[in-house]
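Below are the chains, spelled out letter by letter.
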Amino acid sequence: MHSTERRRATRTRRLVGIAAVMSSAVLMVAACSSTGGAPEDNGSGDGGAGNAGTPTKTVAMITHEVPGDSFWDLIRKGAEMAAKKDNIKLQYSSDPEAPNQANLVQTAIDSKVDGIALTLAKPDAMAPAVKKAIDAGIPVVAFNSGYDNWKQMGVQQYFGQDETLAGKTAGERLTKDGRKKVLCVIQEQGQIALESRCAGVKQGFTGGGFEILNVNSKDMPSVEATMTAKLQQDPSIDTVVTLGAPIAQTAVQSKGNAGSNAEIVTFDTNAALVPLIQNGDVKWAIDQQPYLQGYLAIDSLWLYMTNGNTIGGGQAVLTGPAFIDESNIDAVAEYAKSGTR
Amino acid sequence: MSTQTDLDLSTHKVVTDERVKRQKPLQRLLVRPEIGALVGAIAIFIFFCIVAAPFRTPEALATILYASSTIGIMACGVAVLMIGGEFDLSTGVAVTFSSLAASMLAYNLHLNVWLGAVLALVLALAVGFFNGYLVMKTKIPSFLITLSTFLMLTGINLAVTKLVTGQVATPSISDMQGFDSAQKVFASSFNVLGVSVRITVVWWILFTLVATWVLMRTRIGNWIFAVGGGQESARAVGVPVTKVKIGMFMFVGFCAWFVGMHLLFAFDTVQSGQGVGNEFFYIIAAVVGGCLLTGGYGTAVGAAIGAFIFGMVNQGIVYAGWNPDWFKFFMGAMLLFAVIANNSFRNYAAKR
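One line per chain: the protein sequences are A and B, in this order.
Mapping of the first sequence onto the UniProt record's numbering: residues 1 to 341, in sequence order.
Mapping of the second sequence onto the UniProt record's numbering: residues 1 to 352, in sequence order.
Everything hinted at is true.
Taking beta-carbon pairs under 8 Å as the criterion, some of the chain B residues facing chain A (in silico):
id: 1; residue: 67
id: 2; residue: 166
id: 3; residue: 169
id: 4; residue: 267
id: 5; residue: 271
id: 6; residue: 273
id: 7; residue: 315
id: 8; residue: 324
Listed next, the in silico DMTMM-like pairs over lysine to aspartate or glutamate satisfying Cα-Cα at most 20 Å (straight line):
id: 9; chain 1: B; residue 1: 328; chain 2: A; residue 2: 211
id: 10; chain 1: A; residue 1: 202; chain 2: B; residue 2: 325
id: 11; chain 1: A; residue 1: 255; chain 2: B; residue 2: 59
id: 12; chain 1: A; residue 1: 131; chain 2: A; residue 2: 148
id: 13; chain 1: A; residue 1: 337; chain 2: B; residue 2: 175
id: 14; chain 1: A; residue 1: 181; chain 2: A; residue 2: 211
id: 15; chain 1: B; residue 1: 162; chain 2: A; residue 2: 80
id: 16; chain 1: B; residue 1: 328; chain 2: A; residue 2: 188
id: 17; chain 1: B; residue 1: 328; chain 2: A; residue 2: 195
id: 18; chain 1: A; residue 1: 337; chain 2: B; residue 2: 268
id: 19; chain 1: B; residue 1: 162; chain 2: A; residue 2: 95
id: 20; chain 1: A; residue 1: 255; chain 2: B; residue 2: 268
For the record, the hints were derived by calculation from the structure and aren't laboratory data.
Backbone N, C-alpha and C fix where the C-beta goes; we use that ideal spot for every residue, glycine too.
With the sequences and hints as input, model every part of the structure.
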């Protein structure tokens, strides 16, 4: 009995302690209002698009998104915007593993959607499911990846960039700029789109040496350390090509650590990259306009379903590569801040 | 059992008894859990010094130490937990969880970032408490409980971030009050003989020393070894098993918070998909450093050496300029080498 009582007493004391900590935290919350932070008044960033008066259709969007990556967020925003405007019910799903992604296509067929928009990162694994969808009479469009395969798979339209071509364009610009030694950083080893970008850079860059470095994008400190190590190991590297905006940000720090003079260029953009391009830490970015890819994929299905149109007339519609550098960054900055570029 | 030769019958004095015989100092050193890892680390260090010229510079050492330190701080907590016989698979995403929480709380509530960090600490400890409490109450293996936590945290990281910020990465907080001082604490660098060293290295060493002291010199340390060796017998001799285990999980939560703060103040925006898979690196570091997967055996120093091996291999491959397609293979082979060296060394030393 005695011990139970004592235990109860300690528990009460502990509860009081927790309550005290909590309430003091709340008090501090009330007391602290500092600079920075969220804007006090959130204006609507919807862009105020109109609404099509057409009947509601259901479209499935199925991607190989790696969850939580800022690039895919832009694709989804574009798709959601188009869906809202076109009176389309958007069913978004994703899985980085190709067999699972193919299963999601089957799920969409089973639920009798009116259209499917998908990415073809691993075309071979997706082909049977895509064929089934087409056989079921569902219009299928592809975006973002699958430039080389979409046509033979019977997919009706494609929006994206040719990754190899984009890489080549980047490589050619580096040759023109007189760079001597290029390091291409792959943040997800074995990912086809990323490997083709680097392969493209290698093709386009004829001005000197070329090397690939693999890093693990799930672990930023190791990304930073690995790039630092590489720049220390080979001081002749004068250009670092990263394949995603967050990696470019980290490359800027690695460059500082290693005391290197290398120039950093990147593929893809996000809000945090804008000031880095403005102040010259990142020389330029190749933009494939992911927002546009998501938007067009949905909007094209709407056009097809309501008016029988196909954008591109059977040819791929390229959304990139476009360069963003100090000459045009200001035009992009505003949209990047609101999270659509 | 004493033998005739140990007894000097004329004086009726027992000269030695083998049960209390002093071991030779060298042998005592050799049977320590971390010694195999140490030998492995030295071997790998020498190896890379030979094959990779830039590896020999002090700048390279600073880079390697940095890469090791963020793994090492977590490995310290994970090692303590493993010595106590438990396992945590949620550590990788728990790091991301803490930095996301600190960033979003500070940003959206207009707090001083230090306060955001403190609130995130409360949440991180709560996650640790949740893990520990469930493991003790349900008696389900920690592997399963923390696997569930891992998945839940991964989901929370993504969903809440999107819900709150409208995108998958947190907004920059570098212009907010307290950022500069917090950055000094969690993510600054200082110069040693002209080489810039990251502050996480200091924290890593400090964490390891404190954990070592607690494990070796305090009653709590005794308790941790006891619950790891045998939970029921520990309970029978009066060790507060539940409290010790929950405490260990909360310590892991604390370490995750600390690394999370480093992430936040070093990179100032955090992507919500980060951290998945890192839990294995922490466990690898602890195991390479001599912690047994079954509990009751291991040291914090060993985990630090394990993390150092990991950092060395990781960056050494880059310094050596090897074909990057083989990167993961080299890493696996090196780690395998370290674990086997560690293991055979221990067996060899134990037999002597």
